[in-house]
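Number of protein chains: 2
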Amino acid sequence: MGSPAADAEAPADPARPDTRQRLIDVAVELFIRHSFAGTSLQMIADELGFTKAAIYHHFRTREQLLDAVVGPILDRLETAIVEAEQLRGAHARADYLLTGFAELAVQNRVVAVLAADPAVAKMLRASRKWDALIERQMALLADVDPGPAGMVKATVVLAGVAGASGPMAAALDRDELLGYLIDTGRRALGLRIPRAKH
Amino acid sequence: MGSPAADAEAPADPARPDTRQRLIDVAVELFIRHSFAGTSLQMIADELGFTKAAIYHHFRTREQLLDAVVGPILDRLETAIVEAEQLRGAHARADYLLTGFAELAVQNRVVAVLAADPAVAKMLRASRKWDALIERQMALLADVDPGPAGMVKATVVLAGVAGASGPMAAALDRDELLGYLIDTGRRALGLRIPRAKH
Numbered sequence: 001m002g003s004p005a006a007d008a009e010a011p012a013d014p015a016r017p018d019t020r021q022r023l024i025d026v027a028v029e030l031f032i033r034h035s036f037a038g039t040s041l042q043m044i045a046d047e048l049g050f051t052k053a054a055i056y057h058h059f060r061t062r063e064q065l066l067d068a069v070v071g072p073i074l075d076r077l078e079t080a081i082v083e084a085e086q087l088r089g090a091h092a093r094a095d096y097l098l099t100g101f102a103e104l105a106v107q108n109r110v111v112a113v114l115a116a117d118p119a120v121a122k123m124l125r126a127s128r129k130w131d132a133l134i135e136r137q138m139a140l141l142a143d144v145d146p147g148p149a150g151m152v153k154a155t156v157v158l159a160g161v162a163g164a165s166g167p168m169a170a171a172l173d174r175d176e177l178l179g180y181l182i183d184t185g186r187r188a189l190g191l192r193i194p195r196a197k198h
Numbered sequence: 001m002g003s004p005a006a007d008a009e010a011p012a013d014p015a016r017p018d019t020r021q022r023l024i025d026v027a028v029e030l031f032i033r034h035s036f037a038g039t040s041l042q043m044i045a046d047e048l049g050f051t052k053a054a055i056y057h058h059f060r061t062r063e064q065l066l067d068a069v070v071g072p073i074l075d076r077l078e079t080a081i082v083e084a085e086q087l088r089g090a091h092a093r094a095d096y097l098l099t100g101f102a103e104l105a106v107q108n109r110v111v112a113v114l115a116a117d118p119a120v121a122k123m124l125r126a127s128r129k130w131d132a133l134i135e136r137q138m139a140l141l142a143d144v145d146p147g148p149a150g151m152v153k154a155t156v157v158l159a160g161v162a163g164a165s166g167p168m169a170a171a172l173d174r175d176e177l178l179g180y181l182i183d184t185g186r187r188a189l190g191l192r193i194p195r196a197k198h
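Here the protein sequences line up with chains A and B, keeping their order. So the first sequence is numbered by full-length UniProt numbering: it starts at 1 and just counts up by one. So the second sequence is numbered by full-length UniProt numbering: it starts at 1 and just counts up by one.
Do not rely on the hints blindly, as some may be mistaken.
Claimed, not checked - Between beta-carbon pairs, the in silico distance windows are: (1) B/Ala92 / A/Glu47: 46 to 52 Å; (2) A/Lys52 / B/Gly49: 30 to 36 Å; (3) A/Gln86 / B/Tyr56: 56 to 62 Å; (4) A/Pro146 / B/Thr61: 44 to 50 Å; (5) A/Glu29 / B/Asp46: 28 to 34 Å; (6) B/Asp131 / A/Ser40: 25 to 31 Å.
Hints are computed from structural coordinates only; laboratory data are not their basis. All figures in this text were calculated on a predicted structure; none of them were measured in a lab. Virtual Cβ for every residue (Gly too), placed ideally from N, Cα, C.
With the sequences and hints as input, model every part of the structure.
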């Protein structure tokens with residue numbers, strides 16, 4: 001295992017530059033099917049017909065792979081948070097963050113399985129600015145109704161929007177799903193519902 | 001490992017009748033901390049100071065243990081579904097189910113980590129009437145607004161209420177949390193909000 005001969009037998013070339021992205025894509029699919037802790041580097045290797053050594057060329061641990069999956073999503077979340085924080089008025093800020101979070105969840109189905117996974121939360125908390133981001137995200141939604149009621153509303157909306165972008169919503173068109181998610185989040189938070197365009 | 005001598009060294013007696021319940025309680029704590037797939041029978045044995053053979057006396061697999069954790073929760077969910085289905089009017093049925101589901105989630109924090117876990121969903125689907133229950137539960141909430149919008153609302157509320165009963169809500173009094181969860185669910189679903197009692 002891990003010898004040049006074993007690598008040469010693999011059906012794809014693990015050294016190609018797009019191999020890293022293929023590993024990430026397969027990891028996402030397996031996380032969605034088996035959860036993060038239920039996915040091993042060996043399973044990812046098997047799915048691609050690689051040796052485990054070929055995976056090691058790109059990622060030494062499952063945690064590094066999770067970081068590569070989650071990093072770009074967190075970066076986009078941070079952008080949405082920073083932009084929301086610059087708006088005037090609690091309702092406008094909450095509406096902007098809700099829209100940005102729903103877009104992220106619809107575009108990254110893996111959010112549905114990662115957002116509620118304690119193994120993921122623990123890992124992210126140890127290695128990234130995750131806690132601070134979640135706190136700012138929560139504050140943006142909860143400030144519409146300061147106090148515990150607003151905190152619960154914010155938590156329901158974040159968990160609900162994340163979870164609703166998972167397999168149950170797979171039959172819906174993405175734009176349609178996004179519209180319904182934002183509408184439901186606005187109702188739950190007590191934000192104004194814009195009049196329909198038609 | 002597994003010899004009578006090894007069992008005798010364990011700090012608690014694995015053959016005592018309450019050992020089964022202690023195993024379930026420890027499994028719940030570890031599922032909440034590490035997710036289902038991130039919890040091994042070995043970890044449960046270590047937490048209790050048992051040998052793995054002592055665990056086998058009660059549960060042969062992690063799946064059997066999950067079944068023992070989830071079974072009573074699903075039984076209570078089924079009762080709430082059956083009772084809700086007997087009411088007249090879509091709003092009354094949805095309100096009853098929402099209340100019952102929120103009570104289950106607040107009383108069983110493990111719901112927050114199990115509800116969004118694909119490894120759990122896969123196992124339950126293979127061994128129980130889980131799919132049929134989820135479908136009936138969804139229908140009770142979604143019938144308030146038939147069509148895809150109602151389906152999305154129902155999914156957001158179920159995922160949101162489940163997720164909001166997790167660690168983020170640990171600081172709140174249970175009755176207070178329950179009240180806020182039901183209130184938020186009603187707003188999201190478009191149900192009538194009863195006037196406050198005070």
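Evaluated hints:
no., hint, in the structure
1, B/Ala92 / A/Glu47: 46 to 52 Å, "48 Å, holds"
2, A/Lys52 / B/Gly49: 30 to 36 Å, "34 Å, holds"
3, A/Gln86 / B/Tyr56: 56 to 62 Å, "58 Å, holds"
4, A/Pro146 / B/Thr61: 44 to 50 Å, "47 Å, holds"
5, A/Glu29 / B/Asp46: 28 to 34 Å, "32 Å, holds"
6, B/Asp131 / A/Ser40: 25 to 31 Å, "27 Å, holds"
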